[in-house]
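Based on the sequences and whatever the hints tell you, model everything.
Protein sequence lines, in the order shown, are assigned to chains A and B. Okay, so the first sequence: first residue is 1 according to the working numbering, each after it adds one. Okay, so the second sequence: first residue is 490 according to the working numbering, each after it adds one.
Among these hints, one or two may not hold up.
Straight-line alpha carbon distances no greater than 25 angstroms define the calculated PhoX-like cross-link-like pairs of lysine-lysine that follow [as the list claims (entries may be wrong)]:
| id | chain 1 | residue 1 | chain 2 | residue 2 |
| --- | --- | --- | --- | --- |
| 1 | A | K272 | B | K507 |
| 2 | A | K253 | A | K414 |
| 3 | A | K13 | B | K765 |
| 4 | A | K290 | B | K666 |
| 5 | B | K765 | A | K272 |
| 6 | A | K163 | A | K177 |
| 7 | B | K739 | A | K421 |
| 8 | B | K958 | A | K18 |
| 9 | A | K439 | A | K453 |
| 10 | A | K13 | B | K762 |
| 11 | A | K185 | A | K199 |
| 12 | A | K276 | A | K253 |
| 13 | B | K928 | B | K739 |
Note that these hints are calculated values from the structure, not bench results.
Protein chains: 2
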Amino acid sequence: MFESAEIGRSVEKKEYEKSVETLRARILTAQLGLARTGLNLVIVVGGVEGSGKTDVARRMLGWMDARGLHVESFTDHSDEEEERPRYWRYWRTLPGAGHGAILVGSWYTKPIVRRAFKEIGEGDFDRALDRVIAFETMLVREKTVLVKLWLHLSKKAQKRRFKELEADPDTAWRVTKQDWAFAKKYDRFRDVCERALAKTGVAEAPWTLVDAADWRWRNLAAGGAVADALERALAETAKRAPKPHLDPAKPPKLSVLSRLDLSRSFKGDYDKKLDKQQTRVALLSRRLRKEGRSLICAFEGVDAAGKGGAIRRLLNALDVRNARVMTVAAPTDEELAHPYLWRFWRQLPRVGKTTIYDRSWYGRVLVERVEGFAAPGDWQRAYAEISSFEEELAEAGVIVCKFWLQISQHEQLKRFKERGKTPYKQYKITEDDWRNRDKWDAYQAAALEMIEKTSTPDAPWTLVEGEDKRWARIKVVESVADRLEQELG
Amino acid sequence: MFESAEIGRSVEKKEYEKSVETLRARILTAQLGLARTGLNLVIVVGGVEGSGKTDVARRMLGWMDARGLHVESFTDHSDEEEERPRYWRYWRTLPGAGHGAILVGSWYTKPIVRRAFKEIGEGDFDRALDRVIAFETMLVREKTVLVKLWLHLSKKAQKRRFKELEADPDTAWRVTKQDWAFAKKYDRFRDVCERALAKTGVAEAPWTLVDAADWRWRNLAAGGAVADALERALAETAKRAPKPHLDPAKPPKLSVLSRLDLSRSFKGDYDKKLDKQQTRVALLSRRLRKEGRSLICAFEGVDAAGKGGAIRRLLNALDVRNARVMTVAAPTDEELAHPYLWRFWRQLPRVGKTTIYDRSWYGRVLVERVEGFAAPGDWQRAYAEISSFEEELAEAGVIVCKFWLQISQHEQLKRFKERGKTPYKQYKITEDDWRNRDKWDAYQAAALEMIEKTSTPDAPWTLVEGEDKRWARIKVVESVADRLEQELG
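Below, the structure is given as structure tokens:
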């Protein structure tokens with residue numbers, strides 16, 4: 001693959017200056033279109049050491065409007081990053097609508113280096129690349145113009161470059177011991193990178209291979225790729241118009257939800273039983289920090305299914321200093337300007353902490369699907385995106401518990417009426433609640449598909465018979481205790 | 490002061506339960522009002538060890554709607570916190586409009602403990618308390634309902650409490666060595682706390698002293714204070730309506746701005762001189778990380794004053810991986826839901842990094858003042874708030890450079906017309922720009938007052954004659970180099 005980037009193309013100074021002028025005007029004009037269309041720009045600058053990744057980043061920043069644009073490089077993890085899934089540091093640098101990021105180094109660096117030094121096998125390497133593909137595909141579908149530049153130098157050219165840099169006292173510091181260490185393994189890196197590029201050069205996120213032997217040629221090729229990608233994306237946006245529509249799905253007569261025995265009710269000493277389960281959760285959750293783990297509990301269910309009550313019982317069992325309840329309502333404008341899951345990534349708990357979600361990232365395949373807020377293509381891909389998200393959480397040691405609270409239509413009506421009677425509960429019932437009742441079937445169908453597609457060993461759904469509140473609350477707290485016990489051993 | 494909280498009041502179980510019911514309804518009803526009025530709630534729970542601060546936090550969380558409410562405790566700094574000013578960790582936990590935070594421990598803890606152990610003298614202690622007052626006053630004026638609870642136990646009651654806890658195997662872990670160490674210094678702590686409470690119990694942010702010997706009395710007193718504060722704030726909001734109005738200020742004939750010699754222009758080899766100054770900045774800025782410092786440069790000036798061009802020359806001198814340009818435009822809704830300076834606190838650079846602001850926090854006393862977006866009371870208090878902000882930056886080792894770029898009205902018009910001719914510069918000129926020209930005098934007057942009130946040794950304004958772009962750019966880059974040299978030695 002790399003042969004095509006070793007044929008020694010170069011550009012003369014005069015031609016370069018002329019080309020830059022045209023190119024710059026193209027890029028700047030296109031950059032302006034970003035804000036108008038709600039797109040954002042991510043430029044990944046990868047490549048061999050000595051190829052001038054940082055120089056390219058500097059050039060791009062100079063050519064573009066630096067406002068709303070930032071360069072990121074990824075060196076050591078901060079401890080706040082260490083305590084979260086690996087991709088957290090990338091999520092937190094994602095630009096919002098209209099903005100851009102130039103990444104020197106990226107999610108490719110670590111897998112490639114580890115594979116080159118044989119710290120991971122082929123299987124794990126491919127797995128890491130699959131994650132990359134999933135992440136990049138998501139970005140592109142979430143309005144990112146993704147430009148991936150790979151700057152290449154032949155073995156000879158790299159060596160020459162290092163020697164040149166070392167010869168000049170002003171630039172000698174730029175060649176590090178690590179550079180030479182990597183250069184020694186040039187052939188090995190070449191093979192690993194070739195595999196990485198071949199596998200991740202998918203249609204949605206192709207690579208632009210740049211011959212970096214001549215810096216003028218390199219800069220023009222890089223800038224040209226950015227201009228092309230921006231212009232193409234803007235032209236496509238002009239055509240595309242997402243068409244959300246209401247989903248008339250009906251749930252099947254027989255399903256995991258219809259089979260729930262809603263007549264179940266709690267018998268016995270409720271306070272004693274609840275206290276026992278809460279104590280279990282209290283003792284187990286205190287071990288999270290020491291074990292390097294954290295806990296996320298997500299609650300879903302129709303209005304008045306009892307999410308709030310169950311959450312309060314669970315919260316009572318936790319150290320309030322380490323627990324937080326997040327309510328998922330309408331996203332803020334910053335959240336809207338980012339990919340759908342960004343709002344959840346940004347809130348991920350640190351080690352030892354617990355976050356309880358009153359409604360969650362499943363809104364995409366529930367309310368947004370049923371109410372037509374998301375186009376079918378968008379909520380359909382969400383199943384895979386969510387599973388990937390939860391897999392990353394599990395890998396990072398986050399324990400994920402998901403609860404679906406099920407009640408009957410009859411019980412819901414009864415609870416709505418009750419709420420109207422208690423002054424400080426009245427706020428809980430809004431016109432939306434009554435409207436949503438009309439869509440009962442559609443919500444049940446959406447819930448069923450969600451449960452089917454997103455129950456994984458790492459993050460299973462617990463279905464809770466919610467008709468009797470006591471039954472439901474005990475079941476929730478007990479399930480969390482069981483899960484903690486299983487995970488913490 | 491504390492005698493009044495040692496008279497041994499208590500509540501019987503039955504009375505307690507009845508009172509809780511009324512209290513809870515009051516608090517919940519008031520909590521609902523927060524979102525409606527755009528207020529937020531911060532409950533500071535301070536007090537002696539063993540008084541049950543966490544218990545009170547748990548109780549409040551249980552009584553209120555836990556959604557949108559979170560409990561924070563402040564233990565060790567993360568490394569991301571270490572690399573920023575001391576209050577950064579508090580700013581990042583501030584709740585947005587409609588939300589609330591319960592803080593177990595707070596900005597009081599460290600000064601009190603350090604003073605009690607004589608690590609700081611009286612002067613530094615008072616200085617820390619002054620900062621507290623400034624911070625809290627700002628919060629209250631920025632729509633925070635601030636409730637400060639101080640839970641008190643007499644020396645005897647504290648000892649009794651620790652022994653009780655230690656006697657029960659379920660609670661023995663809660664009494665730490667540190668608790669006993671603090672208890673030994675009870676009298677010393679008492680004096681220090683008394684001073685802290687007396688000094689910081691200002692009208693805007695009074696303390697509620699709670700007798701914590703009886704837990705029922707303690708909870709009711711704490712809850713009552715929260716309910717009272719919420720109800721009072723809601724009632725006041727109903728009355729108050731901020732009245733922004735246009736500011737007809739005119740600048741004096743003779744001023745530091747009028748005295749600038751705008752005929753100054755750069756003579757000599759511009760490229761060589763610029764390169765020399767950029768190299769100085771490049772070499773100096775590389776030392777920031779090692780010295781534990783960071784750099785913030787803020788640019789202000791009328792439209793077309795040359796901010797963008799100067800910023801680009803400065804950026805060229807920096808390692809792009811460590812530098813970022815922030816453009817200050819309309820705040821996002823999350824930013825609007827927080828105190829004015831929150832958007833700048835959240836972006837503070839880590840050690841070794843540079844942030845360049847194209848317009849800055851001075852917008853409050855410039856555009857917001859002149860256009861009437863901020864009420865007079867709000868922009869007037871901003872001078873002190875901004876000075877305090879910059880003082881905190883300086884204390885944390887952040888080097889702050891501020892530039893005012895001055896051009897004549899004539900030159901501005903010329904530049905507007907030029908912009909219209911270059912395709913990729915056209916976007917730079919909008920209708921707003923033409924409109925702002927009409928307010929030239931008002932902007933000049935606002936700038937003058939700003940320069941006068943916020944030039945401090947830590948963060949001086951550099952006034953730049955902007956008529957000749959080359960002169961201005963050299964002066965900016967050279968000033969940054971000089972400043973870095975002076976600060977880094």
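The hints, checked one at a time:
1. For the given pair, K272 of chain A sits about 23 angstroms from K507 of chain B by alpha-carbon distance, which is consistent with the 25 angstroms threshold.
2. With a C-alpha separation of about 24 angstroms, the suggested pairing of K253 of chain A with K414 of chain A holds against the 25 angstroms cut-off.
3. For the hint pairing K13 of chain A with K765 of chain B, the CA-to-CA distance comes to about 23 angstroms; that is within 25 angstroms, so the pair holds.
4. The hinted pair formed by K290 of chain A and K666 of chain B meets the criterion: a straight-line CA distance of about 20 angstroms does not exceed 25 angstroms.
5. A hinted pair counts as satisfied when its Cα atoms are at most 25 angstroms apart, and K765 of chain B with K272 of chain A does not qualify at roughly 77 angstroms.
6. Straight-line distance between C-alpha atoms of K163 of chain A and K177 of chain A comes to about 13 angstroms, which keeps the hinted pair within the 25 angstroms bound.
7. A threshold of 25 angstroms between alpha carbons decides the hint, and for K739 of chain B with K421 of chain A the separation of about 60 angstroms lies outside it, so the pair is violated.
8. Between K958 of chain B and K18 of chain A the alpha-carbon distance is near 24 angstroms, which keeps this suggested pair within the 25 angstroms criterion.
9. Between K439 of chain A and K453 of chain A, the direct Cα distance comes to roughly 21 angstroms. Compliance with the 25 angstroms bound is thereby established for this hinted pair.
10. Proposed proximity of K13 of chain A and K762 of chain B is supported: the alpha carbons are some 23 angstroms apart, at most 25 angstroms.
11. Restraint check: the Cα-Cα separation between K185 of chain A and K199 of chain A comes to about 21 angstroms, which is no more than 25 angstroms; the hinted pair holds.
12. With a C-alpha separation of about 38 angstroms, the suggested pairing of K276 of chain A with K253 of chain A is violated against the 25 angstroms cut-off.
13. For the hint linking K928 of chain B to K739 of chain B, the alpha-carbon distance of about 10 angstroms falls within 25 angstroms, and the restraint holds.
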